Amino acid sequence: MNVVRLEQHYRYLQHLEAAINACAFSVSIDALGIVTAVNLQVTTLLHQSPDLLIGRPLTSILPPESLVQWYDWYSKVLDGASVSGEIGFKLPDNSPLWLEAGCSPVCTNDGQVEGCIIIGMDITSKKLAAIKREQNEIYYSQVLEHLPLGLQQFGTNGENIDMNSRQREIWGDAHPFFINPDYKWLQDPFYRLNGLAAIFEEARDTGKTIKKEILLRYREKRIRNITRLYPVYFEATVFPLTDKARNMANLFLILDDITEKKLSELSLQKSERLLDNIIENLPIGYIQFDNFGFIRRINQTQRVFFNSPNPAMRQPFNVMNDELSIAFELDKLFAQALDQNKTFRIEKRIDFSQDSNWTTVDREVYLDLTVFPVVEPVDKEMIVVALVNDITEKRAQEEENKKNQVFLQQTGSIGKIGGWELDTDTRFMRWTDQSYFIHGCLPQEEISLHKALSFYSAEARENLQQLLKNCSDTGRPFDVYLSVVANGQQKRVRYIGQPGYEDGRLVRIYGVVQDVTEQLEIKDALTRNTELMRLFFDTIDMGYAAMEKNGNLNFLNRKAEKMIGHSVAIGSNIFEEFPRLSGTVFYPRLQECIEQQTSQSFGIYFSGADKWYDFLLTPMQDGGISVFMRDITDSRKLQKELRKANEQLSNLNKNLVNQNKQLEDFAHITSHNLRAPIANLKALMVMHNEASSQHERELYLSMLHEVIKKIDETLNDLVEVVQIRKDVNVEKEKLLFAERLQKVMDILLVDIETSNIKITYNFEAAPFIEYPKVYLDSILQNFITNAIRYRSPDRDPALHLETTKVNESIILTVQDNGIGIDMERFGNKLFGFRKTFHKNKDAKGIGLFITKTQVEAMGGNIKAESHPGEGTKFIITFRTE
Amino acid sequence: MKLLNMIFIVDDDPIHQQIAKIMIERQAISTGIRVFSDAQEVLDYLRDKSGDSEALPDLILLDLNMPVMDGWEFLEEYALFCQQLPKQIKIFVLTSSIDEKDRERVAGYSFVTGYLTKPLSKEIISHLS
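Chains as they are written, first to last, in the UniProt record's numbering: chain P, 1 to 881; chain G, 1 to 129.
Don't read these hints as lab results, they were simulated from the structure. All figures in this text were calculated on a predicted structure; none of them were measured in a lab.
Listed below are the simulated BS3-like cross-link pairs for lysine-lysine, each with C-alpha atoms no more than 25 Å apart in a straight line:
1) Lys805/P to Lys734/P
2) Lys21/G to Lys709/P
3) Lys682/P to Lys122/G
4) Lys682/P to Lys21/G
5) Lys127/P to Lys90/P
6) Lys682/P to Lys709/P
7) Lys491/P to Lys451/P
8) Lys829/P to Lys101/G
9) Lys394/P to Lys348/P
10) Lys184/P to Lys208/P
11) Lys734/P to Lys773/P
12) Lys773/P to Lys863/P
13) Lys262/P to Lys221/P
14) Lys212/P to Lys184/P
15) Lys773/P to Lys805/P
16) Lys21/G to Lys710/P
17) Lys549/P to Lys101/G
18) Lys758/P to Lys773/P
Sequences and hints are given; from them, build the entire structure.
Structure representation (structure tokens):
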């Protein structure tokens, strides 16, 4: 062969190799598939030197993507053919290597195929993109095919090009689309009517996407034996596709089954309408506020309730800044509901009269408000709904009931207690039945304040009026006793009142009225009785105590307390309060008094205190004991008596027997003469306490006065007698009868002159006497008084006094010419205590008793001689030393 | 209970007269009440009406301690003619005396029904008829 040509050829080959090496992979393999040569591209790709690659099977270095393809190629090459095309291998890192390759046989000189050479360009990235595209296409067509939406492709004239399975399903196999190849759906009256054709045309004509809900068809549904047609709704979307030249190429229709959505929407609408209706016709008010407090909606009830003079006024109304709603804190309620996202139910008093803008209700109402936030379903805004229930009437009833209850409680159902309530606005009163009864009028009568006050006396009325005024002005409660005239009957009532507020405003004054007539009368009577007793017993200058047999004290006068030395509580025991009594004769004498039911008179000397007390114990009918006591310590007479008792024991000894007898008489007298008026006292007190009328009680009181006066007198007399009898050693002095007589006549001057009595005397035989002056004066005074009192109407009264001396004794005779005494009948009583023998009102039956006492106290005696109608002669024998 | 025809109260104490009258009236045990301050007057009346049963009282409340004629004298005098009266008059002594001697002495008069001590009370009055 030509060397030059060969050389050229070789160079050409070298050139070629360089070119291949620069841009392509080149691998040579033998007939067994063992690599015999690789170019630089391959070693670079595999990061291995040619030595390591040569001698290994190609499939281990670069495993083909498809062995089938490779062996196909290989076998063809071994048969002497050349193969080219795309072939894929896996790189050692498992990434794909795609080559646009040619595979050519290499022959030996004898034409035997000894191997092949593969030269390939790397097309991996291009190939992969193509694969992906292919995969995507499959995927998309699958997706479209299986889309839950119906998808259909039309030509611009509505000719059906393609549709997915869902669309086929939607149309149904029986649809003309699938039966009639010439079907022109745009002309189908059904689709013209339901608007699908119009959508298509609009999209085609405007180039825009058009979407609408259409009723595509009806579905039959058998329910038991009835077949019903249900509408099937679809959302139809038609959109055009333009080609590169911006010409309308295809139109797509997407059908989306919205039956369910549509139906629920419809039912929602329906239920909304229903709800709307319900709200509108709710028997309670419904107000819907927006987020800002403006009213969005008011139902009929609420409109009627508001009776808005100008419904347009509602427009600017805002619950957050309206004066009325702020005044009644509706703004707070609104804000609370919004902020706390909670339902609030509250009873509110609202005075609509304070608003003239949006209601003419013009009165106070009570509302049961339910305020709750709601999320508005459409715009998701938080709004507030208020349910308004007018409970004014119910509330008024409740209030009334409450008032009634309070009223009843305050009144009490028993006792003479009535309830009352003054409405400060109407000035009318509410009375319970008992109140009517107390005021003596018929229930149900309308009672104005004026009328109520008319039951009271002018003074009480003024008083009550003032109290009510104070109560309403200053809220001061009152509790007062008043006189009321009910049915002409005078009553005493207790009137108690207090203010009643509502929301800080005085609306009423209420309280009770109680008939306390009886209560007060009893109390009065008791107080008066006690006062009288005290007054009476305090006026006597003696200690007085009333006690039980065991010494428990029922009553003490002040003097007694003074004598005991301290104040004494009623109910305490005399032996405890007056310990000095123990060990004295008091106790045995008390027992004697109780056992014998006779009065006991005795004296006790308290050596510690150097006091002499006189005691008189008198049994009382109720089993108690009256104790009279006198402090005789200060009496000089007593001291003298004591002295003389020592000096003249023998003299006194004789008199003691007499005096003892006198004391017994005295005891008898006191028990008799005190008992009678005390019995009256007791009877009268019982009668007084049981008396039913004021008049009666007054009568008994006046009688009580009489009795007490009498007791007072009797006691004074007794005191005098006791004094006389005790003072046996009363100081004597030398007295001239004439002088003493003149003195007494001076005292009795008026009586003497009125009666015109002529008093004569002859004291020459015994002109004077050693005698207590007081006694002699008393004796003379008694005789003159008696002579005047019992003078005879038939003659001029005359009294003659004369003294004689017989056996050292001085005898005084007092002779009058009066009416005289029947000595046979009354002789034994003549000198008795409180014995009278005449119907003369002045007769007290005490004078001669005292005279006799005074005479006998000094050891003398007295007797009388008398014949009725002829006057009386008293003969007094004074004992002389 | 049968109403008594007439009750006589014989007592000089005007207060007691009133008390007795009121209390008896209130108990309503008789058709009439007469009050005497002087026992002599009662004796005169009884003697005068001794033939007229209707005019005579059914009951006499007699005090003992009285001026002029006292209860004792009245009883002595009454004893003399009570047998001749057409009906038996109940006589109660009503006195403030609780002296046992007085009680015993009254017991000596068989025609005296009882001995009562003052004060009068509802209980006492209810036992009269």
